[in-house]
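Each chain, written out:
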Amino acid sequence: MNDFLRQFLIESRELVIEATEGLLLLEKSPRDPERLDTVFRAFHTLKGGAGIVEFPVMEQALHSVESLLTEARAGKRTLNPALVGECLTSLDQVSQWLDILEHTGELPVSLNGPANAGLVSPDVAAASHDTSAAPAAHAAQDWAAQLLGRNPSATGAVTTAFRFTPDHDCFYQGEDPIALTTSLPQLLALEIQPESPWPAADKFNPYVCNIILTGLAGISAGEVSAHLRSLTGECEVRAVGTAEAPAAISMPEIVRKVLQEQLRVLQVKEAPGAAARIASAGRTAANAMRFCGMDAHAESLERAVQQSSAQLQEAIAQLLGMPSVALARAATPRKETSVRTLRINAEQIDALVRLTGELTIAKNAVGHTAKLAQANSDSTAGLLKDQHSVLNRLVAQLQNTVIGMRVLPLRSVFQRFPRVLREMSANLGKPIELKVEGEDTEADKTIVEMLFEPLLHIVRNAIDHGVEDADQRRARGKPAVASILLRATRDGDQVLIEVTDDGAGIDVQRVRQVALDRGMASAEDLDAMADSDVIDLVFAPGFSTAAHVTEISGRGVGLDAVRAAVERVGGRVSIASRSGAGTTVSFSLPFSVMMTQVMTVEAGGQVFGIPLDAVVETVSVTKEAFSSVGEARVIVHRNRTIPIVELEGVLNASAEKSRRAETDATVILASIAGELVGLQVDHPGERMEIILKPLDGLLSGTPGIAGTTVLGDGRVLLVLDIIGMLQ
Amino acid sequence: MTVLSAVNGVIVLEGACPSEDAEILLQHLTSTPSARVDISICESAHTAVIQVLLAFKPRLIGTPPGNSLWRWVHPAVQASVSI
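Chains as they are written, first to last, in numbering that gives the first Met the number 0: chain P, 0 to 726; chain E, 0 to 82.
Warning: the hint list may mix true and false statements.
[As the list claims (entries may be wrong)] Cross-link-like lysine to aspartate or glutamate pairs, in silico, DMTMM-like; alpha carbons within 20 Å at most:
1. P:K434 <-> P:E452
2. P:K202 <-> E:D37
3. E:K56 <-> P:E190
It should be emphasised that the hints constitute simulated quantities derived from the structure, not laboratory data.
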């Protein structure tokens, strides 16, 4: 892929996200001019990009959406959900093309599906005509609408809008257009603009008239025309409805539909056969009026046909009771926040991370050397120690900066949910509102990227099983629209993410029953378990309470997959639920996967690292405390029976085994899938922060080993994956 | 003569400025682009003269007479200054 295409790919992806986000917000507030502008710009830039890389199909597909948005911006169309859906579909298509481009490095040649995928279907476009949006305006009326929009104070008194373009040589006829226009009685607004951009000073000819006068007046169109009659030039005078729309004439629905259709036909611009189309539309509209006995209106329509398409549109709009000119909304200035950023390849950042890791090891080696020098009473020991502390500080700063570079806001995950929810909500017919909090919370790229699937799983479950349908909700006195809250917060070196729904909550008794049916625990055990522990069983492998397998969730992948994914990156998942009030699933994830806190332990004469996030506590156990249950050894700690595993035995680190049971020992308690397991070791060591290097080459995928790092004295520290080792 | 030359960088329009004044005003504004235009004693101006003001966007000084012409032209010229 050449640089050009690569840039196009990156930018297009960003624009697709921006447009998607904007469209979803527009669905809620379709008249938000700022949002409309943003979406329009995104589509426009996407289209421009497609043009630059010579991708005509994409350009064409986006062009139709762009024109639609142009009409929406001009107030001629309202973006209803169907239309937003069409726009989103076109973005999906663009995403697919971009996927192909990313995959093959080339622009897609043979396109799947219809070439015009993404083009807005005419049905939807027609259906989108929303009479409440005052869309009777047509291209010719834009200037009038804009003028009214700019002069809101004049709106009440305005009856006529005019636009006059004097002939270029009008001054030689002795005309003075501005003087005559400003003398119009009841002139409410007048704007003087150049017809074409002003030429440079040396080419400026003051006697070529180059202005357009647009204005609003409180007198009738006829009076305005009469006043300006003496001037030569192009004059458009239009009767403008006042703020209130003219009363609609009552007519059968079918006639109304016919008229609306004619209006739509007339709004097609500059196509061949325009004259024939206008005549035919006028005839059809007039016949429709005759059909319901309104001959007078039919005649006025026929007269309008003789004049112009604009006149005819005006006449039809009046019959339909639409305000003749759409008022342009005053746009509030948009606040642009620009952030100085630089695009850097993620691989380069990862290389920097690796280098920082090496540097940390070198720094630790210096520390080790300093200790040795001190032990040998070397005179340079003090100097070495000072240098080590300087190095320590600098490496720590470097680490923080590098970690910061790998950090992404959770927005990049959260922003995918409005779209997903919209579809799920529509598929299941459950109205749902998504609330997002703390999307600026940051976390390591790896964490942010892995988060989507587990979160999606939880959200799907919440919508499918948690949220009741609207009728049930009403019956229970809840708002019909369910709410799902995605919230992220930073807590020290952890990032907490919660998915909360206000649905029915988890039926604890049902969970007990299912667990019993599946043989996951005995009836006595289940009865003895606290409700919160029972609820936690939903994360156990093979547990699924869905009575029906649906499109949305329940396709055999249980919540255990979620827990596994989160634990793989060193996080935890928990669930809390109140019957009838809803469920909250909480993810607790490390802020960075780059730095790992480990504690070193000695077993069989070797040093191993154990990630601290797996360690619940470390206890000293006397030899009397060990007891045997069958073949297993257990201890009783805080009234819980905890099975003990000898680390040395598991790792085959030493041949001598049974001796250990007879001495006092240190046991590290780890939580594995909610169960406590004790790991017996010789000695606990120190606690340290390391950059974990995953095993690669032949050793990659070795079970039970999370990775390695190099200790200060040059020894390799194997960091254990306790969960993988003991499961 | 209704266009008085640029003394101290100020061009004064006086009375009713006919279309011929457009050429004179143009010359003044071309030779002194930073000139300001005093319209306080200008009762009316021909479209050709106003067109020069619109194109060169000089800073207008003085309170324009309260007639209907300047009511509309003054904001148009001033608006074009800021563009």
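Indices of hints not satisfied (ascending): Violated hint (a single one): 2; every other hint is consistent with the structure.
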